[in-house]
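All chains should be modelled from the sequences, with the hints used to inform the complete structure.
Chain by chain, the residues run as shown.
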Amino acid sequence: MIPYATSIKYMLAGYGVILGVLIIYVISLFIRSRNLKRDIQLLKEIQNKPS
Amino acid sequence: MKPQPIALKVLNVVTAILFLVALGMVFLYAPLEATMNYVQKIFYFHIANAWVGMLGFVAAAVAGVIYLVKHDLKWDIIELAAVEISLVFFFIAIVTGSIWARPSWGTYWTWEPRLTTAAILELVYFAYLLLRQGIDDPDRRARFSAVYTLIGAISVPITFVSIRLFRTIHPVVIGTNSSAAQGGFDMTSKMLVTMFFALFTFSVIFITLFWHRIRLGQLAHHLEELKLEE
Numbered sequence: 001m002i003p004y005a006t007s008i009k010y011m012l013a014g015y016g017v018i019l020g021v022l023i024i025y026v027i028s029l030f031i032r033s034r035n036l037k038r039d040i041q042l043l044k045e046i047q048n049k050p051s
Numbered sequence: 001m002k003p004q005p006i007a008l009k010v011l012n013v014v015t016a017i018l019f020l021v022a023l024g025m026v027f028l029y030a031p032l033e034a035t036m037n038y039v040q041k042i043f044y045f046h047i048a049n050a051w052v053g054m055l056g057f058v059a060a061a062v063a064g065v066i067y068l069v070k071h072d073l074k075w076d077i078i079e080l081a082a083v084e085i086s087l088v089f090f091f092i093a094i095v096t097g098s099i100w101a102r103p104s105w106g107t108y109w110t111w112e113p114r115l116t117t118a119a120i121l122e123l124v125y126f127a128y129l130l131l132r133q134g135i136d137d138p139d140r141r142a143r144f145s146a147v148y149t150l151i152g153a154i155s156v157p158i159t160f161v162s163i164r165l166f167r168t169i170h171p172v173v174i175g176t177n178s179s180a181a182q183g184g185f186d187m188t189s190k191m192l193v194t195m196f197f198a199l200f201t202f203s204v205i206f207i208t209l210f211w212h213r214i215r216l217g218q219l220a221h222h223l224e225e226l227k228l229e230e
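So the sequences go chain by chain: A and B. Position 49, counted from 1, in the first sequence is what this note's numbering calls 49; the numbers after and before it change by one each time, with no gaps. Position 95, counted from 1, in the second sequence is what this note's numbering calls 95; the numbers after and before it change by one each time, with no gaps.
There could be a bad hint or two in this list.
Unchecked claim - With a cut-off of at most 16 Å between alpha-carbon atoms, the simulated EDC-like pairs for lysine to aspartate or glutamate come out as follows:
1. B:Lys74 - B:Glu224
2. B:Lys74 - B:Asp139
3. B:Lys74 - B:Glu225
4. A:Lys44 - B:Glu229
5. B:Lys227 - A:Asp39
6. A:Lys37 - B:Glu224
7. A:Lys37 - B:Glu225
8. B:Lys190 - B:Glu33
9. A:Lys44 - B:Glu225
10. B:Lys227 - B:Asp136
11. B:Lys227 - A:Glu45
12. A:Lys49 - B:Glu229
13. A:Lys44 - B:Glu224
14. B:Lys70 - B:Asp139
15. B:Lys227 - B:Asp137
By construction, these hints were calculated from the structure, which means they are not laboratory data. Predicted, not measured: the structure shown is a model, and the values here were computed from it.
Structure representation (structure tokens):
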């Protein structure tokens, strides 16, 4: 039988990884989306500028 | 870019609630396993992540086939979204499995059939992202990527059946364990309910992230079109 203290430690590590990776991925989606919108806006402004 | 549709906003909320309920079921409803006790609770989300990871790789191959038939870049965006999200979920499955293995098998990693095929699967699809980075022309990139996902998809069934075909220490959840399997356990009805609820929850999480990632892909495609117009 795995001792309780050891078992809890590994369980917390496991759930930490799950939550951590999912949160990082969601944040990355948000940041990439924001950056793309900014780039699109900038390109449109450049294209609309009279040369 | 259109604002988020109401259906997606509702899905965001539903997904968050389902995730919290799944966590609650793992910690408050599912009983403690006698031998492994707390560390066994990793199993519920480990298996759910592996499930949606494999599901996404298959979905990417399907999108690849449709792209090759229709030559519509929409399917390339869908394919990329499926691969990227599956890579994240499958990475979680591999790491959580490794964490579970340390107290159960006495090692974080061993080159047995399931772990080896899972690592190969992850690397195959990671290489897919690298391949895409190396091709500028959107149509050529989509064509190469579609063919790649079809070939890559071969590793999905190989990974799935590896614990059923070969002598391995990785336990089988549904089916007969190999004689060498270590860390297997008999599931009670509450454990089964929790496992299936976790599978359902992660399927919904997959759909939600998939939708968001497709929207991101559409934005990237729009930007690429604007750049080409210049």
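Results for each hint:
Among the hinted pairs, Lys74 (chain B) with Glu224 (chain B) is consistent with the structure: their alpha-carbon atoms are about 14 Å apart, no more than 16 Å. Simply put, Lys74 (chain B) and Asp139 (chain B) have alpha-carbon atoms about 11 Å apart, close enough for the 16 Å limit, and the pair holds. Simply put, Lys74 (chain B) and Glu225 (chain B) have alpha-carbon atoms about 13 Å apart, close enough for the 16 Å limit, and the pair holds. Distance check on the hinted pair: Lys44 (chain A) and Glu229 (chain B) sit about 11 Å apart at the alpha-carbon level, within 16 Å; holds.
This hinted pair checks out: Lys227 (chain B) and Asp39 (chain A) have alpha carbons roughly 10 Å apart, not beyond 16 Å. With a C-alpha separation of about 12 Å, the suggested pairing of Lys37 (chain A) with Glu224 (chain B) holds against the 16 Å cut-off. A C-alpha spacing of about 14 Å is found between Lys37 (chain A) and Glu225 (chain B), which places the hinted pair at or below 16 Å, so the restraint holds. At roughly 11 Å between alpha-carbon atoms, Lys190 (chain B) and Glu33 (chain B) fall within 16 Å of each other, so this suggested pair holds.
Restraint check: the Cα-Cα separation between Lys44 (chain A) and Glu225 (chain B) comes to about 12 Å, which is no more than 16 Å; the hinted pair holds. At roughly 12 Å between alpha-carbon atoms, Lys227 (chain B) and Asp136 (chain B) fall within 16 Å of each other, so this suggested pair holds. Pair hint Lys227 (chain B) plus Glu45 (chain A) holds up; C-alpha atoms about 13 Å apart against a cutoff of 16 Å. With a C-alpha separation of about 15 Å, the suggested pair Lys49 (chain A) and Glu229 (chain B) falls inside the 16 Å cut-off, and the hint holds.
This hinted pair checks out: Lys44 (chain A) and Glu224 (chain B) have alpha carbons roughly 12 Å apart, not beyond 16 Å. For the hint pairing Lys70 (chain B) with Asp139 (chain B), the CA-to-CA distance comes to about 12 Å; that is within 16 Å, so the pair holds. Restraint check: the Cα-Cα separation between Lys227 (chain B) and Asp137 (chain B) comes to about 12 Å, which is no more than 16 Å; the hinted pair holds.
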